[in-house]
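Based on the hints, put chain B in the right spot on chain A.
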Amino acid sequence: MSEKVLMKGNEALAEAAIRAGCRHFFGYPITPQTELAAYMAKRMPKIGGVYLQAESEVAAINMVYGASAAGVRVMTSSSSPGISLKAEGISYLIGADLPALIVNVQRGAPGLGGIQPSQADYWMATRANGHGDGHVLVFAPSTVQEMCDYASLAFALGDKYRMPAMILADGLLGQMMEPVELPEAITPEDLPLKPWAACGHKNRREHNTVNSLFLVAQELEDSVIEREQRYAKIKAEEQRAELVLTDDADIIVVAFGAAARIARSAIKLVREQGIKAGLVRPITLWPYPKDSIANLLPQAKAFLTVELSCGQMVEDVRLTVNGKVPVNFFGHTGGIVPTPAEVAEAIRMTDKGEQFSLLPYKSKLIATEGGPK
Amino acid sequence: MQNYNIMLAGFGGQGILFAGKVIAYSGLIDGRELSWLPSYGPEMRGGTANCSVCLADEPIGSPLVLAPDILIAMNLPSYERFIGDVVSGGTVIVDRTMVDVCPTRHDIQFSALPATQLAEDNGLKGLANIILVGRLLRMTGFSTLESLNIAVEKSVPASKPQMVEFNKQALTLGYEFLDPKECEL
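So the sequences go chain by chain: A and B. First residue of the first sequence? That's 1 in our numbering, and the numbers climb one at a time after it. First residue of the second sequence? That's 374 in our numbering, and the numbers climb one at a time after it.
Only chain A is shown next, with the shape it has when bound in the complex (with noise of 0.2 Å):
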């Protein structure tokens, strides 16, 4: 075991990368994702490897997009705005079956948003990285050791699956420091070989052609079926999520990255006051961990979902759920960070039956949908 470190999540995240194997980085400037490029910048020319900042966003990810082509690890950062400027990209990716890491450290939106942190990207990543039928994988750490865990991650079952991989991280979890243990570093000869890759070869096989236009509708409707059923394999056996005191729990708070941190708080509260409320956290939001939740839906009095959105994921919540037992939602947007108090409110008027979603407004709760309050 290596030694613990202390370092941000943005820089965990990109030493991680590195020792994953990857050494070509691209991206553009934006505040709260500034010191994983920062930290490429610096280390990429000491390793052989490469780091660019290209004139764009559209510019970095199509970037990717070669590099990826050409069979190597590569990655591109960015937050909220800058990864809306990459869809394109990235459906050029998913339709050319292409894996990638694309790290979101989202903040406030829409438009310009604000700085702050923020989860109102979980539409984006995990139902529309571009246009057409297509997903990738995302990733939701909760802490440091998870930014840098799941680099190795992404990377691994992107290449198994040829497909982009996300990284959905946010302002809080890339600036903060907590104790890290850095993986054992590989380099990129330890890869296998992709046999795919449009590289160099001599003349000594047949060329590859990586490119996501088919002008036949049949070959189109095949590659995208083809792709569906490869979904449909991730879907039943890549599913993450971390449960906490579920056990005899009937409330269930569903939350992940920086807002499954509060939520832990806030259950914590409340079990000193009899309430028995335990947390699903998905650790993958696509595929979403459905079974995690279904698994608990016997013993469910009600779920509460804690997001820092105006309330998106709770909606996979209530797909699952589909009708059986209340669904809640509360959250706060904009970059403003749910206190444990709150939370632990929430979940106390979950748990005396009230059905809500509910959004802090001008220090007042209302109501976002239907429901009593």
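Simulated from the structure, these hints should not be mistaken for lab results. Cβ atoms here follow ideal geometry from the backbone N, Cα and C, with glycine treated the same way. Hints are supplied without guarantee of correctness; some may be wrong.
[Unchecked claim] Each computed DSSO-like pair below joins lysine-lysine, with the alpha-carbon atoms no more than 27 Å apart:
(1) Lys4(A) <-> Lys498(B)
(2) Lys541(B) <-> Lys4(A)
(3) Lys533(B) <-> Lys46(A)
(4) Lys202(A) <-> Lys233(A)
[Unchecked claim] Simulated restraints, written as ranges between beta carbons of each label pair:
(5) Asn495(B) <-> Lys4(A): 31 to 37 Å
(6) Asn203(A) <-> Glu526(B): 55 to 61 Å
(7) Asn495(B) <-> Glu3(A): 29 to 35 Å
(8) Ser2(A) <-> Glu526(B): 45 to 51 Å
Okay, now just chain B, sitting in the frame of chain A:
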């Protein structure tokens, strides 16, 4: 050991984030759970900086300190902003060179030491922050001088090795400083 939720606040350039890092590293040396979270928002652009540090024996939930049991304030705006948030029974340490106040609260431990002045008088210019950390150690015993000395070694950038010794001197200076109790509570 006791859990601590610490807020450090002051002007940018006073070493608020660094002092927080030294405290956080002492937690790592002591084998505790810890988190360090800087303010990085628009307020940073306005010249103030603050930093949340949590030390605990179980995994830390929210790293954002909203109700500190320890406040280190290095300027008046920070003192005024956070003094009301400190929990009853908490500890407040101010740099009296910068914050010339007597506390209006009677339910806290208060220490005002002229850290910036002490730093200048002892050839430790710029290390008022670490003097305050030394004082905090004396008042609360949140770690040990040995752990904090190692924390300094780990926190000082490799490009400035000469700063390790100065930081250690600042720690000791703050630790050994006796509060003149100028404020009658």
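Right, here's what the structure says about each hint:
{"no.": "1", "hint": "Lys4(A) <-> Lys498(B)", "result": "31 Å, violated"}
{"no.": "2", "hint": "Lys541(B) <-> Lys4(A)", "result": "22 Å, holds"}
{"no.": "3", "hint": "Lys533(B) <-> Lys46(A)", "result": "21 Å, holds"}
{"no.": "4", "hint": "Lys202(A) <-> Lys233(A)", "result": "36 Å, violated"}
{"no.": "5", "hint": "Asn495(B) <-> Lys4(A): 31 to 37 Å", "result": "33 Å, holds"}
{"no.": "6", "hint": "Asn203(A) <-> Glu526(B): 55 to 61 Å", "result": "57 Å, holds"}
{"no.": "7", "hint": "Asn495(B) <-> Glu3(A): 29 to 35 Å", "result": "33 Å, holds"}
{"no.": "8", "hint": "Ser2(A) <-> Glu526(B): 45 to 51 Å", "result": "18 Å, violated"}
Checked against the numbered hints above, the structure violates hints 1, 4 and 8; every other hint is satisfied.
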